[in-house]
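2 protein chains.
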Amino acid sequence: MANTKKRPRIDKKNLIIRRMSTYLRTLDHLQNKGVKVISSADLEKIDGVTQSLVRRDFAEFGSFGVRGVGYHVPELREQIARVLGFDRHWKVALIGAGGLGSVLMHSASFKKRNLEVVQIFDHAGVSVGTSIEGIPVHDIANIEQELDASRIDLAIIAVPPPEVQSVIDRLSQLGVRGALYFASRPVRVPENMVVLNMDITVELGVLTYQLQDF
Amino acid sequence: MANTKKRPRIDKKNLIIRRMSTYLRTLDHLQNKGVKVISSADLEKIDGVTQSLVRRDFAEFGSFGVRGVGYHVPELREQIARVLGFDRHWKVALIGAGGLGSVLMHSASFKKRNLEVVQIFDHAGVSVGTSIEGIPVHDIANIEQELDASRIDLAIIAVPPPEVQSVIDRLSQLGVRGALYFASRPVRVPENMVVLNMDITVELGVLTYQLQDF
DNA sequence: TAGATTGTTAATCGATTAACAATC
DNA sequence: TAGATTGTTAATCGATTAACAATC
Chain C
1 MANTKKRPRI
11 DKKNLIIRRM
21 STYLRTLDHL
31 QNKGVKVISS
41 ADLEKIDGVT
51 QSLVRRDFAE
61 FGSFGVRGVG
71 YHVPELREQI
81 ARVLGFDRHW
91 KVALIGAGGL
101 GSVLMHSASF
111 KKRNLEVVQI
121 FDHAGVSVGT
131 SIEGIPVHDI
141 ANIEQELDAS
151 RIDLAIIAVP
161 PPEVQSVIDR
171 LSQLGVRGAL
181 YFASRPVRVP
191 ENMVVLNMDI
201 TVELGVLTYQ
211 LQDF
Chain W
1 MANTKKRPRI
11 DKKNLIIRRM
21 STYLRTLDHL
31 QNKGVKVISS
41 ADLEKIDGVT
51 QSLVRRDFAE
61 FGSFGVRGVG
71 YHVPELREQI
81 ARVLGFDRHW
91 KVALIGAGGL
101 GSVLMHSASF
111 KKRNLEVVQI
121 FDHAGVSVGT
131 SIEGIPVHDI
141 ANIEQELDAS
151 RIDLAIIAVP
161 PPEVQSVIDR
171 LSQLGVRGAL
181 YFASRPVRVP
191 ENMVVLNMDI
201 TVELGVLTYQ
211 LQDF
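If you read the protein sequences in the order shown, they are chains C and W. Residue numbering for the first sequence follows the UniProt record's numbering, starting at 1 and increasing by one per position. Residue numbering for the second sequence follows the UniProt record's numbering, starting at 1 and increasing by one per position.
None of these hints come from the bench; they were simulated from the model. Careful: at least some of the hints might be erroneous.
Remember, identical chains collapse to one label, so a pair may be satisfied in a single copy or spanning two.
To be verified - Heads up, simulated BS3-like pairs for lysine-lysine below, C-alpha to C-alpha not over 30 Å straight-line:
1. Lys33 / Lys12
2. Lys36 / Lys12
3. Lys45 / Lys12
4. Lys13 / Lys45
5. Lys112 / Lys36
6. Lys45 / Lys33
7. Lys111 / Lys33
8. Lys13 / Lys111
9. Lys111 / Lys36
10. Lys12 / Lys91
Could you put the whole structure together from the sequences, leaning on the hints where they help?
As structure tokens, this is what we get:
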């Protein structure tokens, strides 16, 4: 049987990394509340990860705490942000400026994480030619001419399901390395890309399963 | 130290269930394409889960395939839908009818999974009094009076981060069992609820991490 | 110092893989 | 029948937990 090419160890540390990203969010929250120091036991209560695992997760990347004291929130926050790559700036292309694309543009998610949307593409129609949050919307038909892959670190793909695969393939050709899409469908991931997906129907399945005999 | 209450075995089978929900999506896709039969080896190529694990996942819930042949797509689809609870109708309350709430209402995600939004709540303002997709929008201030918990199986919470916790607490009081929220913040989950979260900032952290030395 | 909490190691547990008999 | 692919078991691997010495 065909030896399906081993995906690289990308989703190797996957569980740890997802938790790290969740801790970062919690630390943002704590920092907003003015909390200065936090223990792994506190984090267990907030994030539902055992204190043992919290410490082990952090220890995977360094020694961020103070014995007998806990973790200084601003410092731990910064260390985790660094691990995840948020110590640098990321340039983003938004593909699809419909309902979801607009919601994303107007949300605080990107700037909060040092991501900057520098190009927007959509189909010729209402939005092309206008600007969203100061960024002009280009025609997706011209993406090969207009997308400057050397400036783009990742793409946020907010187009309808039937278009997602072709957008990914075109981004791959252009040399864009990363993408996140929201459509509820599987995609073939090009070798030169990391592609993640957020799909509400997948989450709904998890939720309804859990509610069945709850 | 306080013996933090063990969360029930809810996220016990979590990994399997998330994969099952992903297979279901793939089967929808295959069915749309008119594919009649699929093997675990095919599913490995599409979903990136080893054929061995695919078969094991299915076997966890029954015997859905035919030796020497594979899995009949419509039948497998139906079996997995049943496992996830999609063989029944789910009534949904949408809390928050702003940008994200509207996008969700206009998407096909809910009806695709046998979920029906039967009540919508938002803050007094533009949307209250109007209808979205034929469902009238109520004032969230009156949720205690207007939400009929006996009719509602789960809530979709699309309100801004600072309001999420209070919405969850109010739903818990009302007896709503399940919720999905999108805000980037931790929440305390009431004992009588299952609460899931989709947070783009968490996914962005996973993506930027993986892109770092890709 | 006494008390608290980290960082880390060894033990356990659970999830994944490999292999193959069953069977279409 | 021969070829294919499932369902299932045993082996392996990796992730989590428990425990405690280090140390603030």
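Hint check results:
In this assembly of identical chains, Lys33 and Lys12 lie within 30 Å of each other by CA distance neither inside one copy nor across copies; the values are 34 Å within and 32 Å between. Within a single copy, Lys36 and Lys12 get their C-alpha atoms no closer than 32 Å, and across copies no closer than 33 Å, so neither meets the 30 Å cut-off. In the homo-oligomer, the alpha carbons of Lys45 and Lys12 lie at most 30 Å apart both inside one protomer (26 Å) and across protomers (18 Å), since each shortest distance falls under that limit. In this assembly of identical chains, Lys13 and Lys45 lie within 30 Å of each other by CA distance both inside one copy and across copies; the values are 23 Å within and 21 Å between.
Taking CA atoms no more than 30 Å apart as the test, Lys112 paired with Lys36 passes inside one copy only; the shortest distance there is 20 Å, against 46 Å between copies. Proximity of Lys45 and Lys33 under a CA criterion of 30 Å is satisfied intra-copy only: 16 Å inside one chain copy versus 46 Å between copies. With identical chains, the CA atoms of Lys111 and Lys33 are at most 30 Å apart within one copy only, with a shortest distance of 20 Å there and 39 Å across copies. With identical chains, the CA atoms of Lys13 and Lys111 are at most 30 Å apart within one copy only, with a shortest distance of 26 Å there and 35 Å across copies.
In the homo-oligomer, the alpha carbons of Lys111 and Lys36 lie at most 30 Å apart inside one protomer (23 Å), although the nearest pairing across protomers, at 46 Å, exceeds that limit. Taking the shortest alpha-carbon separations for Lys12 and Lys91, only the intra-copy value of 26 Å comes in at or below 30 Å, while the best inter-copy value is 38 Å.
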